[in-house]
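Going line by line, the protein sequences match chains L and Y. Okay, so the first sequence: first residue is 1 according to this note's numbering, each after it adds one. Okay, so the second sequence: first residue is 1 according to this note's numbering, each after it adds one.
Take these hints with a grain of salt, some might be off.
Said to hold, decoys possible - Once the Cα atoms are required to be at most 35 Å apart in a straight line, the calculated DSBU-like pairs of lysine-lysine come out as:
1. Y:Lys317 with L:Lys114
2. Y:Lys228 with Y:Lys42
3. Y:Lys194 with L:Lys79
4. L:Lys132 with Y:Lys228
Since the hints were derived computationally from the structure, they do not count as laboratory data.
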Amino acid sequence: MDKMANKVARIPNLVDWSTGEVRLMSAKCNSCGTYFFPKEHYQHRPGCTREGVEDVLLAKKGKLASYTVQYYPCPAPFKTEQKITPYGIGLVEFEDEKIQVTGIITNTDLKTLKLGMEMETTILEMYTNEEKQQVVTWAFQAV
Amino acid sequence: MRDVYIIGTGIHPWTGFSEKVFADFAAVAVDGALKDANIEWKKIQAIMAGIFIYGGNAGHLSGQYLESIFGETGIPVVNVYNACATGSASIRMAYNSIAAGETDTALAFGADVSPKGFLTAKSDNAVQDRDVIRWKMGGLPNPIYWALECRKRMAKYGTTEEDLALVKVLMSEYGSKNPHARFKKTYSLEEVLKSAYVCDPLRLYEICPVSTGAAAVIVTADKDLISKADKAVKINATTMGSAIYGDPTIRISALSCPAVAEAPMLSESYSASQQAYKKSGIGPEDIDVLELPDNSSWHYLVYLETCGFCKEGEADKMLRDGMTKIGGKLPVNPSGGFSSHGEALSAQALWQVIECANQLRGRCGERQVQGAKVAMAQTYGLMGNSGTTIMTI
Ligand SMILES: [Zn+2]
């Protein structure tokens with residue numbers, strides 16, 4: 001995926017594009033079945049043996065479970081060279097994994113947002129670092 | 001276990017950013033509490049201090065700092081931090097210490113000086129500090145979490161923008177009558193509905209800012225002090241709760257939540273309030289006045305349900321029918337709530353307890369709930385933590 005070359009996530013271990021698709025990096029507990037995001041933010045079911053936690057990627061697509069439009073710039077340490085405000089934030093539900101994940105909404109007309117609509121995981125370019133790499137975060141866009 | 005009473009309370013009125021040190025605010029509140037209890041400083045046998053953390057490590061121990069202002073006496077001083085439920089933790093420790101007979105009289109206090117702008121990440125370390133990712137990658141200031149839940153609620157239960165605005169109208173009316181409140185202007189429904197969206201559906205006047213303030217409560221089982229006090233207030237229960245697995249709420253600082261609910265919304269507050277009901281033998285139907293954490297208009301509604309004052313989805317009707325007004329079946333936030341005060345993290349839970357005590361002692365003037373005998377203060381902590389205090393007179 002050439003267009004993903006020279007891009008780096010601002011914080012590692014959250015978003016992956018090595019498979020050719022942009023996907024969120026989760027972990028699944030094979031004892032209690034819970035998925036975690038970020039993958040180290042464990043929330044086991046009480047009584048779980050916590051054995052067999054494995055790294056997994058969430059599905060690429062999910063459904064919009066909630067959203068808001070933020071009308072003020074996000075304060076530091078948020079950082080972007082793009083004019084994104086007002087920006088959308090989505091809570092996207094991954095049905096099989098039984099988890100909802102927040103993310104900035106990109107490449108989508110905010111007026112068209114509707115609960116239940118299909119969204120896919122993508123990336124949002126935030127700024128260029130000193131190594132001339134595009135620093136990115138995960139984001140969601142309408143399918 | 002011995003019965004424990006509140007005999008003195010003090011507040012430094014809520015205000016904006018200040019260059020004054022937090023302990024000076026605390027001293028004003030503690031002086032007020034000592035005077036109200038009609039006791040000398042040396043009667044205090046333990047201090048449970050809500051710790052004030054500004055910009056990283058505290059750089060001090062709040063309780064010891066305060067003690068040195070009044071004079072060090074060698075008593076146990078414990079500092080506690082439970083985010084926005086810090087004050088709940090301090091009064092609970094004071095209560096337990098006295099009920100168990102370890103001490104007779106103790107002071108619980110919290111003081112907080114707000115930052116100039118927003119509350120944001122305190123460190124740069126995304127591994128150790130769970131608050132970093134949401135700021136650097138998520139673009140997620142606190143009100144966004146509330147807006148995401150509020151939109152779900154509107155779709156599920158039909159909560160309207162007018163309902164959200166009506167909360168502010170009520171809170172501003174009561175806040176205008178409270179000398180401790182920071183915001184004293186009253187707003188009409190039209191004015192609230194015309195205020196700008198911060199993150200829709202929540203508008204500027206429907207979320208609370210951060211504030212500076214201090215609150216102190218003196219509790220005792222000493223019979224002499226109780227009889228000397230101007231109407232001592234009995235603490236029937238003061239509890240803390242944590243969240244329950246499967247709570248569907250998207251919690252501040254989190255980036256995900258369960259898609260399938262296996263526990264109530266805001267389960268930490270469900271846990272704290274259920275414990276308080278059980279310990280006190282007092283139920284939601286017995287409460288004459290309630291202080292709940294209206295960080296946003298959404299909180300006002302959902303807390304009525306989480307704490308069992310109505311069924312899920314029925315809070316809007318309670319509001320619309322006037323049941324939550326002073327003079328209604330369940331007066332809610334006669335203080336003007338967080339909407340009129342703003343959050344002063346380590347102090348706010350104690351300020352809620354003080355408003356309840358003042359209501360029970362008949363000290364609230366124009367905002368007095370007539371004949372109030374049973375009061376409940378409910379806190380909303382951060383990261384799955386909460387506290388409830390039930391009081392009677
Ligand atoms: Zn598990």
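Evaluated hints:
no., hint, verdict
1, Y:Lys317 with L:Lys114, "holds, 26 Å"
2, Y:Lys228 with Y:Lys42, "holds, 16 Å"
3, Y:Lys194 with L:Lys79, "holds, 30 Å"
4, L:Lys132 with Y:Lys228, "violated, 73 Å"
In terms of the numbered hints stated before, the structure departs from hint 4 and from no other.
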